[in-house]
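Top line first, the protein sequences correspond to chains A and B.
Taking the working numbering, I'd label the letters of the first sequence as residues 1133 to 1526.
Taking the working numbering, I'd label the letters of the second sequence as residues 1133 to 1526.
Hints were generated in silico from the structure; no laboratory data involved.
Don't be surprised by glycine CBs; every beta carbon is placed ideally from N, CA and C.
Be aware that a few hints might be false.
Restraint ranges, calculated between C-beta atoms of paired labels, are given here [said to hold, decoys possible]:
#1 A:Gln-1476 - B:Ser-1218: 53 to 61 Å
#2 A:Arg-1411 - B:Gln-1188: 16 to 24 Å
#3 B:Ile-1258 - A:Glu-1368: 51 to 59 Å
#4 B:Asp-1208 - A:Gly-1373: 29 to 37 Å
#5 B:Lys-1254 - A:Leu-1497: 46 to 54 Å
#6 A:Gly-1160 - B:Thr-1397: 19 to 27 Å
#7 B:Gln-1188 - A:Pro-1477: 30 to 38 Å
#8 B:Lys-1254 - A:Arg-1523: 40 to 48 Å
#9 A:Ser-1401 - B:Gln-1156: 28 to 36 Å
Each chain is listed here by its residues.
2 protein chains.
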Amino acid sequence: MNQSTEFSDVPGFARYPVNTLPIQVELGSESLFLLWDDGHQSEFHYLWLRDNCPCQQCITPLSREQVFEICDVPLDIKPINTSIESEGRLVLQWDFDNHRSRFHPGWLRSHCYSVKARNERKWQPIIWDKECITQQLPVYDYQQIKQDNKQQLHWLKDQRDYGIALIKSVATVPGTLAEVANCISFIRETNFGTIFDVKSKPNANTAAYTTLRLPLHTDLPTRELQPGLQFLHCLENDAEGGESILVDGFKIAEYLRQYYSDDFTALSSYPMDFYNVDRETDYRFRAPVFALNSEGDVIEVRLANFLRGPIDLPSEQIIPIYKAYRRFIELTRDPQFQFFYRLQPGDLLVFDNRRVLHARNAFDLKQGGRHLQGCYVDRDELLSRIRILERAIM
Amino acid sequence: MNQSTEFSDVPGFARYPVNTLPIQVELGSESLFLLWDDGHQSEFHYLWLRDNCPCQQCITPLSREQVFEICDVPLDIKPINTSIESEGRLVLQWDFDNHRSRFHPGWLRSHCYSVKARNERKWQPIIWDKECITQQLPVYDYQQIKQDNKQQLHWLKDQRDYGIALIKSVATVPGTLAEVANCISFIRETNFGTIFDVKSKPNANTAAYTTLRLPLHTDLPTRELQPGLQFLHCLENDAEGGESILVDGFKIAEYLRQYYSDDFTALSSYPMDFYNVDRETDYRFRAPVFALNSEGDVIEVRLANFLRGPIDLPSEQIIPIYKAYRRFIELTRDPQFQFFYRLQPGDLLVFDNRRVLHARNAFDLKQGGRHLQGCYVDRDELLSRIRILERAIM
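Assemble the whole structure, with the sequences as input and the hints as a guide.
Here it is, written out as structure tokens:
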């Protein structure tokens, strides 16, 4: 069947395949019920339908943005006439202002908010432990994802779903990282710059720039929005030690939720303080270790022991948060969750810094050098790029 | 009395004035109680004290970051010896590992987590309506804040507390904005670039770049982290119309919380969808209109009617969210909340984009041109800069 690309019909640039057609409308007091020819039933509220009218009076062709505002019609707006037109368009004539709205069936079905439709649309991460990721680690060749948009989309979906992927054969030329990151979008700037060098430096302003062991952590928990994707590109790794360790923070969160629910509650509701205090900057942020969305799913993990400020909570929450925090740290040390990887020159490890905790063993420079370059790209950019690639490929 | 700057004594670069001294320690089962010579009493838990030990074994001098981890001592760690040393330092000898911790009295008092101390530390915004801000709008001269760190600190604290300030006499040279923003930190990049030109453009990809009226909104609600400070620098404004309108979103939120608590609950718990769909980017984010911190304070408002996607909620939440959303929009239109200002060339309006809604009237270019430049700097950067200036001035 048809795929519509008419802008006056469907807002935006996405296409909405028509796989099923509405066959019957039943009017209720606040909403209508649409029966589709595959047996599915959708409820659409009148306010919702009026709000989403795609006509050129409601959505200006100048910028494709809505100029209509829903508070400019009565709360109890209703259709006085309803029909299903040719090609399955739902047409409503409103009892206010003589307005008429026509809805494309593909658009309408893909925005159905029935329990079933919402469940089908729900994104689920692929949560891993050591065994799982050892078998399933997504690995890509850089030339492939650079030249082939389908491969790039595969990579980025893995990046979104596993929160980790390894890219091989990236030229060991400083700065090449920017080229890879720009496949997605611009690089997120921080006080460490855009591309940062991870090597032992005199006057280090963070433990990352020493040869010390780094315990499992997320980067920049001291910022309100922790950077999303972290890129670590290995240029040189002849030092003894310095292995990378990665743990899926979502796995630890779900483990706690299942077996230690009080600890899970403390870590998702009592804020902890994170400080990064330097000579010219002084970043601090306060948030729970686990951020949940409105449906209770864990969407973020925030943790770096070496960047914590003093806990600042009511007295009765001090022992519970320490118990929970200790349990969390102990679990990150459990080998069943830890994926070890020794970066080789040309390897680029990309992981969701707000989900996957990373660590490195201490290293010794007597045997040779160790030089990584890193940068960040935010989740917004990853998801936008996925949508653009999907739009082109669909 | 002394102000300590010894790094081995107090972590970080801040100084902690000693205005009162501890005079007595009483040991409990999980915590100790410290009596101060001004009559205040602090409770500090043993785990908290051990966690915050400032010695060089626990905090590496290499990067001033903590290498000690609290799960490496027993949960029931206790002091076997406690004393108050000369200059009021609290000294604890632990029952584990022979470790000794010494605490600076100024640091300790300023991290007391009693109800009273926490209330005194709590930041409160100055919430305004039209009448209040008409009288109290913070206005600064650019040369003053550029040359005088005390004036700059005043400005930035007003920026934090009122969420709005006007800077006068900024040269009407394109790009000067960057110089002002860099007083604070780097500019937040988005898909609109770093510095963006607000003027009517052919092929506008947002309503901002047309001559259309813009209803009250926050910028980029389609990003997970909406930009914090928004800078709008007026280079030219000879067009008819185009007045700026500003509303304190925190005021609307508190009004709703007080008079329409169901609407407040819906807007702070049911997520709405925000889309910015363009040819090469497709940003979408889903979040409630009001974000609350763990104490229930409103910390963010997210709203642009012209950037909303279809509401995607369980059926029973559709009518409540529309009722609440309509009420919110109606309140933003109430003149008692609206501050009008017509930007003059050389004016730079800076406001917290996550709090202060902004709008502009439609304009007509027959009478002359209208050209603003804008950019964003995040809240993290503002707060960091305030801390650095306070450190230097204290």
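Broken hints, numbered, in rising order?
The structure conflicts with no hint, since it agrees with every one listed earlier.
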